[in-house]
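Asks: As you go down the protein sequences, you meet chains P and U in turn.
When you line the first sequence up against the working numbering, it's residues 15 to 152, in that order.
When you line the second sequence up against the working numbering, it's residues 15 to 152, in that order.
No lab work stands behind these hints, which were simulated from the structure alone.
Careful: at least some of the hints might be erroneous.
[To be verified] Have a look at the derived ranges for each label pair, beta carbon to beta carbon:
#, chain 1, residue 1, chain 2, residue 2, range
1, P, 38, U, 122, 39 to 49 Å
2, U, 125, P, 33, 22 to 32 Å
3, P, 33, U, 45, 20 to 30 Å
4, U, 122, P, 122, 25 to 35 Å
5, P, 38, U, 89, 35 to 45 Å
[What the hints assert, rightly or not] Here are some, though not all, of the chain P residues that point toward chain U, as calculated from beta-carbon distances under 8 Å:
#, residue
6, 61
7, 62
8, 74
9, 80
10, 81
11, 94
12, 133
13, 134
Quick caveat, the model's predicted, so the values are computed rather than measured.
Idealized CB from N, CA, C, for every residue including glycine.
Chain by chain, the residues run as shown.
Protein chains: 2
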Amino acid sequence: MVAGQGTHLLGEWYGCDFSAIALNDAESLRATCLDATRTAGLEIVGDAFHQFQPQGVTGTVLLAESHLAIHTWPEAGFVTVDVYVCNYLEDNTHKAMALYGALIGHFQPAQENFAKVLRGRSHTDGLRGGVPRLLRSN
Amino acid sequence: MVAGQGTHLLGEWYGCDFSAIALNDAESLRATCLDATRTAGLEIVGDAFHQFQPQGVTGTVLLAESHLAIHTWPEAGFVTVDVYVCNYLEDNTHKAMALYGALIGHFQPAQENFAKVLRGRSHTDGLRGGVPRLLRSN
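With the rest of the complex left out, here is chain P (with noise of 0.2 Å):
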């Protein structure tokens, strides 16, 4: 491992329903985040969300890891979710599939479109779907 490594999944969930549980609420979201985040077990160190109107909320948790990012669209049914670890001291490729799946539990999305991206390390080497990135030089 070295600092540079993490995972980062993408999502993005089409077909929420948000009249299921309070996720229109940015405090109700908010708890719900910082709740699979500690089950997962990463670590908090901060975290703010805003509840737009008339409806849908952005937030983030920042992660001694790295960050939770989520963005809901309530009228869409649309939500889009960022978990980025680092692998610095130990390999948190499985607590950041464990809160993804716990926050893809409450929004039950009909579809999903995921990626996932290994940040600081070779881009051909290991990306699911064999996702090639751009490699620049200044």
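Dock chain U against chain P, hints included.
Replies: Just chain U, lined up with the frame of chain P:
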């Protein structure tokens, strides 16, 4: 434009010079990020920054358009940056690029990994480097 469409810039910066300016300090880095965000024409709705000991900062700026996230490892000269903007009312990609460019100007990395991911639309539509992504249906 639909609610789910957005542009996500992912950067990994190597060989950053942390001695050049006050990038080791959470409050200074926060001020730098907030200023760069405003200058890029993006709307700040919240933020959270955390100072690690003995070094390193992690922070996010919540945007009306989605978020900025930054993580620094001064001991390794390494920084990761995410700039994610939705394109709900207009295409904010140029603003995201402006913010990304301003921040990279502060850190002056010797090498950069960069990827642009289009969130919430066809994964083969316009991705730099032709990045494919995994599509799953529940």
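Asks: None of the hints should be skipped; say for each whether it holds.
Replies: Status of each hint after checking the structure:
1. P:38 with U:122: 39 to 49 Å: holds, 43 Å
2. U:125 with P:33: 22 to 32 Å: violated, 48 Å
3. P:33 with U:45: 20 to 30 Å: violated, 41 Å
4. U:122 with P:122: 25 to 35 Å: violated, 45 Å
5. P:38 with U:89: 35 to 45 Å: holds, 42 Å
6. 61: holds, 6 Å
7. 62: holds, 4 Å
8. 74: With Cβ-Cβ at 4 Å, under 8 Å, it holds.
9. 80: At about 6 Å, which falls below the 8 Å cut-off, the nearest Cβ of chain U leaves the hint on residue 80 of chain P intact, so it holds.
10. 81: This hint holds: residue 81 of chain P lies near chain U, its Cβ roughly 5 Å from the closest one there, short of 8 Å.
11. 94: holds, 6 Å
12. 133: holds, 6 Å
13. 134: It holds, given that the least Cβ distance between residue 134 of chain P and chain U is near 5 Å, below 8 Å.
Hint compliance for this structure: hints 2, 3 and 4 are not met, and every other hint is.
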